[in-house]
Amino acid sequence: MASNRLDSFPARPNKYGLLYRIGFLTRNALVNLGSIIWLLLNTAEEMADNVRRGRLPFRPSALFVQTDRTAVGSVPLVLMVSFFLGLTMALLTGYQLEKFGVERLIPSLIAIAFTRELGPLITGIVLAARIGAAFTAELGTMQVAEEVEAIEAMGIGPLRFLVAPRLVAIVGAMPCLSVCSVIAALIGSCLISWVTLNIVPAFFFDSVLSSLLVNDIVIGFFKAAFFGLVIGLIACFKGLTVQGGAEGVGRATTGSVVIAITSVIGFDSLFNVIVTQYTK
Amino acid sequence: MTETPLVHLNQVVLAFAGKPVLNGVELKIFPQDRLVILGQSGGGKSTMLRLILGILKPSGGEIKYKHLRVSRLSRSKLNLLRSRIGMVYQYSALISSLNVRANLALPVRELGRKSESDIDKLVEEKLAMVGMSGTEDKMPSELSGGMRKRVSLARALMLDPELVLFDEPSAGLDPVMSSVIDELIINLTEKTNTTSVIVTHEMDSAFRIATRMAMLYQGSIIQEGKPEDFKSSDHPVVRQFVTGEVEGPMTESLPDADNT
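Chains as they are written, first to last, in the numbering used here: chain A, 30 to 309; chain B, 159 to 418.
Don't read these hints as lab results, they were simulated from the structure. C-beta: ideal position from N, C-alpha, C; glycine also. Accuracy of the hints is not assured; some may be wrong.
Just the calculated beta-carbon pair ranges, DEER-fashion [to be verified]: (1) A:R50 with B:G218: 30 to 38 Å; (2) A:T283 with B:S255: 45 to 53 Å; (3) B:R230 with A:V287: 37 to 45 Å; (4) A:L134 with B:S255: 48 to 56 Å; (5) A:G279 with B:L226: 40 to 48 Å; (6) A:D97 with B:Q169: 49 to 57 Å; (7) A:D97 with B:R233: 48 to 56 Å.
The task is simple: from the sequences and hints, build the whole structure.
Below you can see the structure in the form of structure tokens.
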């Protein structure tokens, strides 16, 4: 028996083994990460090519169209979600803090939490679901119908033409929407604090202003822009690599939303760990 | 022929995931040829067009466009080369979210420096060439297969290309529309002095269009020459393909041919 085992060395990997699956998933994740970085670099290179030829990297009208749907179109949803979340958060923390008589801390708590953390996070989740899915489905359908290849065959860089305006739009939209999210959350929490805890709006906004640091706003701003880049890249990558017709587009769209939301939350946690380590 | 070829596929080898598709293809395309490439479905004919455009890179051999080696060009030079080649796809590949006007204007807007009024004139001119005037504001989904193909041809001609590649131009069309497209290809290439490469497996179409023909079989070109040579070919594979007979070397090489 021992000689038999030696004969078949190296052993065939067991496709159902835990180790094999971990290795397989890790390898896949690294390949995808590499491809996404490749996508970013090549999009930048295609844009630079056009600039070198004395042209704009992409037509402004394409950017306006994408910005309109990404930013303007997402305002109502971001406002609504953030308003209710701010309201709920003030209500829940209010009941706890009231026991210790420190409910006056609610404004600063909401302000800091939303500016640094929840504003970019909620906006990221909303945009990943609303815009990331749309980007993937559009590009995926174009890919399946050979439209992307036709654009490439005409000598128009498809990354510059299709990916760049979408990426720039979502990176620009995220910080702006994040600001909207913070304002909506503050209004929601201010209203509920006024009604349930008798904190008057004037005091509420005074506390907000005195507790916020420029640092919080800057961190929130850059975080939002970075999340925008992550969502945009994942969505475009998943769209451009669709395989397998209509079903493939569906699978890629689901994948895009799941991966984008997970990545946003993952990066947020990672970012928090690093920032807290260095600002102790 | 002593003329320098416009495109030269020099011993081109291509394999997908270890499976060979092209196995040393040697083919020259001369200026003002209307070269029809014949071959079985899935035999690598369309792949050859993608290799000429530099969308796929060969695993071996090289493709030359005039003196340029296509697979070694930088991205910007490759894009410049592609703008001199027009491609008409099997399923037209018009951008479904843009109307006919915007589809045609796309290459000129993105690559040229023409004013919007000049672009509009050019769009009208090219649409008239393919007999599609008045459809500027229609969306691709409102057009029939034949109309879409004609619009796609007009789009391929927008930048006045030297070479136009056609991937199955008559696939999925009725015989009349198929003849109309064939006539268009002949007229337009003659009028504009362009070279064209047409990939097809429809023999009627092929004999109508071709000034030269090449037959791709099992990854290499087994015969190349004038259409008359193909009609009287001694090569058993070519003869079977031209006549469309069931019995012959092509069906014998299929797995389980007897059972199908």
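Worksheet entry | Violated constraints from the hint list, given by number and in increasing order | 2 and 7
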